[in-house]
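S.K.: Sequence lines, in order, name chains E and C.
Count along the first sequence from 1, then add 19; that gives the number in our numbering.
Count along the second sequence from 1, then add 17; that gives the number in our numbering.
Think of the hints as simulated: they come from the structure by calculation, not from any bench.
Any given hint could be a false lead.
Here's a subset of chain C near chain E, in silico, CB distances under 8 angstroms, partners left out [what the hints assert, rightly or not]: (1) 113; (2) 116; (3) 555; (4) 667; (5) 668; (6) 682.
Backbone N, C-alpha and C fix where the C-beta goes; we use that ideal spot for every residue, glycine too.
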Amino acid sequence: MAEETIAFQTSEKNGWTLWSVNGRLDRLTAQDAGEKADNVFAAAQKLAVDMSGLEYLSSAGIRVLLRLTKQAQAQGKAFALVAPSGMVKVVLAESRMDMFAEIYASADELPL
Amino acid sequence: MSGKMNIERRIFLLMLFTGLACFAAFEAVSFFGLYDAQEHALESGREMGTSAAAFAEEITDEQAKKRFALMAEEKARGVNNEIGRLREDANLLAKTMTQILTHRELYLPRDLPLGGEVPIRSKEPYLFFIPALRESGGIVDVLPEARIAANAADNLALWTQSYDDGHEMTCFYASERGYIISADVMAEGKEFVEFFDTWYSPSFDPRERPWYQEIKATGKSVFTGVYVGVEGYPCISCVAPYYDENGFAGMAGISNNIATLYRQISINTIGDRGVNFILNEKGEVILSSEKEGLLAASATPKDFQKYGETSLALEAACMTRGLSDVARITMGGREYYLAYAPIPDVGWSFGTLIERDVVVQPARDAKSYLLSRAEDFSASLQSFFWDNFLRTAVLLLALLAVLFFVSRKISDRFVRPILVLTAGVREIAGGNLDKKLDVKTGDEIETLADSFNQMTDELKSYIDNLAKTTAENERIETELSVAARIQAGILPKEFPARSEVDLFASMQPAKEVGGDFYDFYFLDERHLMVTVADVSDKGMPAALFMVAAKTLLKESSLLFGAAEKLTVDGKQRHSVDPPTLSHPWLSVGEKAAHPALTPTLSHPWLSEIVARTNDRLAEANDEGMFVTVFTGVLDVATGEFVYVNAGHTPPLVRRNGDISFLPIAKSPMLGVMQGMDFPTERLTLDPGDMLFLYTDGVTEAMNGERELFGEERLQETLAEQPKERTAAEILEAVRGAVESHADGAEPNDDVTMLGLVYKGI
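If we strip away everything but chain E, and leave its shape as in the complex, we get (with noise of 0.2 angstroms):
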């Protein structure tokens, strides 16, 4: 991979363990990125993806937000997308992700 197009970053918030994915999550960075959202699931009751700093999401980037949500679902915990912006907001919307997931506008609306 000539650079790195993807950062991550867990931090905690109101009980949530709060998991900052910048860059851009396609087909090229969707299995590391998948790998890592597991290992910071596992150690997370409630998991939220910060979106705030995503420049770009791909169907491949869906499908890790999406095998995250039936993670949560399966397992029993809380899982929410937080602050996704411009294009990524748009493709979340025209790709209905709000009918699987709990979407919020920033991280601060989270429930406790």
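Model the placement of chain C on the given structure of chain E, informed by the hints.
M.R.: For chain C alone, kept in the frame of chain E given last:
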């Protein structure tokens, strides 16, 4: 080992030659050093011998001269004493007779036995008359004086006693008048003699003797020459004149042997050729240790000053002049020392001649001894030198042998790892990448071997990787080509030739095949169903999912579409069994489809079709794949378009010349979850309006700067299209815009478009 100079041989030869050179240099230096030393020692020995000999000769010469001078003086003194006593006594005898004859009146006549008439006894005086007097009868005339003179006879007897040394001698008076008074010492054991040859020979007249004449003339005592006496000893006489009142009256004399003197002269010569001699005042040899030859005393003596060799003559002149010296003379080709000293009482000279060789012989012996020692030393040095040279040579050979083996061993030890390395590398080069070089030398060669091992490891892992990657690539290539064939094969290529609609669709697969598809078909004469979908994955799984999605959707549509038209609505869709292709109802339904049938606006069957397709796709979707679908049915008679957007990018629509996006999807993508609802939406197209369906491969096409083509550009592009343009032309224009945006960048997703222009009836 061929002609090639390998490293082992080079090292070996280098060590060998270096060693050889060192040894040769050492040997040469020691050889020349020793040779030089030997030569020098030899030369020094010779020089030392020569100079020592010369020195010794010089010293010897000097000492000999001193010694010989002393000796000559000693001998001369001895002779002088001996001879001087004789003269003194002769003078005393003469003085006595002169006293008697000049004072006759004081003496009584005395008779002596007549010699010749009685036997003559030792040390007794006798009277003699010369023969001529006896014959002439003049005895009577002489007798009175003779009787007076006989008073001196006791004196004679007395002298003979004092001279008696066991040898013959005589003391006598010989008168001018012809009588003789004498006393003799006889040789031991000889009582008497019958006659006395000398005195009684008939012809003998003492007055006729030369020395008688001499003393008569000179009035001085004189020595006779040396003569051989009766006993065979050399004798000498000294005579002195005596006088009466008339003057010269006769001579007194002592004849004595000089045996002791002679013996001393004869015996005490030095060396075989040494000669002792006495020269008289005339330069004549009167006594000599030589019996014959130049220096022998002779009855006819020679004057040495005129005779003999030049150097001898010169020295003889000095001798007769009463000088003393030690000279070196040459005689008969030989070198001699001549030492001489004067015998002053008689004006003689004692000389002793010593062959120089005898004197310097010890020095010469010393010289030759030294020389021979030097030669010996040189010889032993030479032998030592050669021994040493030989020993060194042997040692050198031994060392060379050692050097040879050591060199071989070292070069072998040095080169063996290289050989091991070479063989190992050759084996590796031959393809055995499992080969490990085992070189433990602890030096650069080990480092090299380690590097080789590392290189081999890396090469091996590279090759393994390459093999894996190649296999993977091959697999992917195969997969992709299969997927691409499936995708291409499943898409409809023939577009409906209907006057009501102008439809065109295209799909440009990306390098890595995606799961896009488009579809269109008439459900019946009036209803055209169009679909554009995008499967979330790529490659073979996506292709298969796509096939499933497309097939399910199409078959469900065809079946349910027909069925729905016969039933009232599709609210109880879950009660309806999935249709099968073998259902006899299918054919009836299709045939029964009638364009005149007015579909209800709710179109619950489309929702049902999509929902069923979703259920089926979600059924066993372990991969978590999904597909976004935009599907709709156009009533070509009315322009009514009923559609379901399941999570798909909103299409664009051109109505009355305006390009706008349809609302975003109301439904989620298919395959995620079962039991979802897919409500329909609708719009009505007027003739000239257009629907533009696409996948995100269009809007998400990127250029080199990762800039998306985007909805806006798409919208603009479509807006630019003149109304007369066909769907195909419009799609071509969009494709061109996308391509020019990408500016050569490789598309990473399928680019799928479907254009539907409604023309109306």
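S.K.: Are the hints correct? Go through all of them and say.
M.R.: Consistency of the hints with the structure:
no. : hint : result
1   : 113  : 172 angstroms, violated
2   : 116  : 175 angstroms, violated
3   : 555  : 7 angstroms, holds
4   : 667  : 6 angstroms, holds
5   : 668  : 11 angstroms, violated
6   : 682  : 5 angstroms, holds
Taken one by one, the earlier hints fail for this structure at numbers 1, 2, 5, listed in ascending order.
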